[in-house]
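> Top line first, the protein sequences correspond to chains A and B.
One gets the working numbering by counting positions in the first sequence from 1 and adding 70 to each.
One gets the working numbering by counting positions in the second sequence from 1 and adding 71 to each.
Hints in this document: simulated from the structure, not taken from any laboratory.
Cβ coordinates follow ideal geometry from the N, Cα and C atoms, glycine included.
Hints are supplied without guarantee of correctness; some may be wrong.
Computed footprint of chain A on chain B; a stretch qualifies when at least three of its residues, placed anywhere within it, have a C-beta under 8 Å from a C-beta of chain A [claimed, not checked]:
#1 215–222
#2 259–265
#3 299–309
Subject to a maximum C-alpha distance of 20 Å in a straight line, what follows is the list of computed EDC-like cross-link-like pairs (lysine to aspartate or glutamate) [claimed, not checked]:
#4 A:K335 <-> A:E317
#5 A:K137 <-> B:D283
#6 A:K160 <-> B:E278
#7 B:K155 <-> B:D200
#8 B:K155 <-> B:D344
#9 A:K137 <-> B:D200
#10 A:K160 <-> A:D293
#11 A:K137 <-> B:E278
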Amino acid sequence: MTVEPAAYSDEVLSVRGLGTRYAFQGASVPAVRDFSLSVREGEIVGLVGESGSGKSTVLKSILGMLKPPAEVTSDGIFLDGRDLREVSAKEMRRIRGGRLAMVFQDPINSFNPAWTIGNQFRRVLSLHCPHLHRRDYDAEILRLLNRVGIDGRGKLNSYPFEFSQGQLQRIMIAVACASPDLRVLLADEPTTSLDVTIEAQVLELLRDLREERGLAMVLVTHDLSVVAEMCDKVVVMYAGRVVEVAEVHDLFERPQHPYTRQLLKAIPDFPHDGRRLYAMRGAVPRLDEEVPGCTFAPRCDAHLGDVCDEVPPVLREIGPDGRRSACHKANHATSLEETDDGVR
Amino acid sequence: MLRLAVSRLLSAVPVLILISIVSFTLLRLAPGDPALLSAGLEASPEVLERVRQSMRLDEPVWVQYWAWLSDLLRGDLGNSYSDKSPVTEVIAERLPATLQLSAAALLLIVAVGVPMGILSALRANRMADQVIRVASLAGVSVPNFIVALLLVLLFGWWFPGLMPYEGFVPITEDFAASIQHIVLPAIALAAPQVGLVARMTRSSMLEVLGQDYISAARAMGVRESVIVCRDALRNALLPVVTVLGVQIGYLLGGSVVVETVFSIPGIGRLLVDSFAIRDYPVTIGVMMFIAIVFVLVNIVVDVLYGVINPRIRAGYEAGRS
Ligand SMILES: Nc1ncnc2c1ncn2[C@@H]1O[C@H](COP(=O)(O)OP(=O)(O)OP(=O)(O)O)[C@@H](O)[C@H]1O
Ligand SMILES: [Mg+2]
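Please put together the full structure from these sequences, using the hints given.
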């Protein structure tokens, strides 16, 4: 937690101590607390957690898209070593969509229905490719579309509803990657609304982009198979907090936090052996509920006793490569324990 | 587009016929004898009977209706009982005042209601929004005639001389005086609708501002003012335009009261006056006129909606080719 950004020379995005509060029924409630993240060049970091755990909120906070009554606080959000908190509003607009872009979950609703695809592209080019001449826009758009596997000839004057979901998601990725300066792509469940074959294509496209342009990505998903396929590192969130950070192999081989284990346990095996699926009991706590101990304690299969209900666990270094977990159990054990309690 | 207009027109015909039957019957059921009013109270029974016959009031209602309808299909609304001039002429003569009043009211509705709604949405749940919401609610809940009476009271009784509260000057005659005379009636006519449009605009704007494509535009680094004006406004105003179309119809209805209170010689006033003397051809003529305008405006709005909305437009274009 105390590592300076300079320690990782290739670190492109670093978020420290992020806290986001929303106004909810007149009160201010925390949606994200003490969130930290570090992404290196060319690295894909997965952000997983159940619905409502604050994943989208994290991305929006990083991009500076939340406005009052939402409140965002942090000890620093660094892009290439530059603290975004100190950047002017104008500069921030240049960074958004310029060096830091976002892809949304629902491609159909992410395009203005009243604008042609060509016009939505032209806008991004005029904002982020100042050196490009207007008359070259269409050629550039066709090139960008080609890059995501779409032949855009004759389609620039079409409206979003004239494309399929999969095409739109590709187009959105193309729009997000239009800026030549792009460093980090924030992808919020980019494949959730797609069917499996299209999902595979889009994931491959993202991987290619990483290879080609050395893009770093934060990939939000609640699908652990996407994580296994795509990510280098994983951050597991629960109720607005980070509960575990691990390299992707480590996470699947040796999940440390009981929440991660239970998540993994809930994935059906294939082929399915016919046994009943494991389902996590309970539900994510409400945002306005103040829990004195561990927020996961009521649903935890490895509950230790009073300590879990009374003392909030801290996110602690528990191994090499930034391995961390926020569980009292990890505090008790001195080293990484092997998965023993029958995950899978 | 043309096909849509034609099909809507055709489907409006039965509606209009139904309206005509209902209003025709209701008028004949109303107490009061037009012949008596026309011939005078002291007319002898024989004279009265003759007058009644000349007005065809002695025939069964459905025969009268049929005669009226077949005239109507030839564009003839009959003649006024009182001065025997054609009803179409009487209406045409009174129409400019109503048009001017409705146009002024519509202008007020758009010029005040829409910006109020936008401001309210942009300041959602803050001070300005609360004030606007309370004001619109008050506006919506107070009927035209209360507003009209209050305005007359205010400018005719408490502060006389500030503002003309009576009469009408055609805009072609004296521009300044015309505007002055139309202000108060237009406010009375527009007040309930302004609140409605402000509320519609607010909710529609909030809905659009919550859409993903607005977030996407923000994530792209688009300036907030541009997002509001270019991305949000156009989509947010689509449903408002539809409501405005419907409101033109209500404006005509509201003009009946407002024109009466402010002594404006429009068709609303004509409706009231003609009914008072049981001048049935005029009364029903005005009613049908208002109904037809209402229907036409709605069709125009539907077609316009298609023109603004690319999705619907594309649908028709695809259907045509
Ligand atoms: N604008 C807002 N105002 C108030 N509360 C909000 C707002 N946006 C999100 N929340 C709340 O914050 C919490 C976190 O939401 P967020 O969208 O970040 O979750 P998520 O992890 O992305 O979930 P999902 O997987 O469903 O997308 C949720 O409880 C949500 O209800
Ligand atoms: Mg989300």
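> Hints first: check each against the structure and report whether it holds.
So, going through the hints one by one against the coordinates:
1. Closer than 8 Å: that is the beta-carbon criterion, and the segment 215–222 of chain B has 0 residues meeting it against chain A, so the requirement of 3 is violated.
2. Counting residues of the segment 259–265 of chain B whose CB falls under 8 Å from any CB of chain A gives 0; the rule of at least 3 is not met.
3. A stretch counts as covered by a chain when three or more of its residues have a beta carbon under 8 Å from one of that chain; for the segment 299–309 of chain B and chain A the count is 3, and the coverage holds.
4. This hinted pair checks out: A:K335 and A:E317 have alpha carbons roughly 19 Å apart, not beyond 20 Å.
5. For the given pair, A:K137 sits about 15 Å from B:D283 by alpha-carbon distance, which is consistent with the 20 Å threshold.
6. Restraint check: the Cα-Cα separation between A:K160 and B:E278 comes to about 26 Å, which exceeds 20 Å; the hinted pair is violated.
7. The suggested pairing of B:K155 with B:D200 is violated, with an alpha-carbon distance near 55 Å, which exceeds 20 Å.
8. Only pairs whose Cα atoms come within 20 Å are accepted, and B:K155 paired with B:D344 is accepted, the gap being roughly 16 Å.
9. Of the supplied pair hints, the one linking A:K137 and B:D200 holds, its CA atoms being roughly 17 Å apart against a limit of 20 Å.
10. A C-alpha spacing of about 36 Å is found between A:K160 and A:D293, which places the hinted pair above 20 Å, so the restraint is violated.
11. Our distance criterion of 20 Å between C-alpha atoms is met by A:K137 and B:E278, whose separation comes to about 17 Å.
Of the hints listed earlier, those the structure fails to meet are numbers 1, 2, 6, 7, 10, in rising order.
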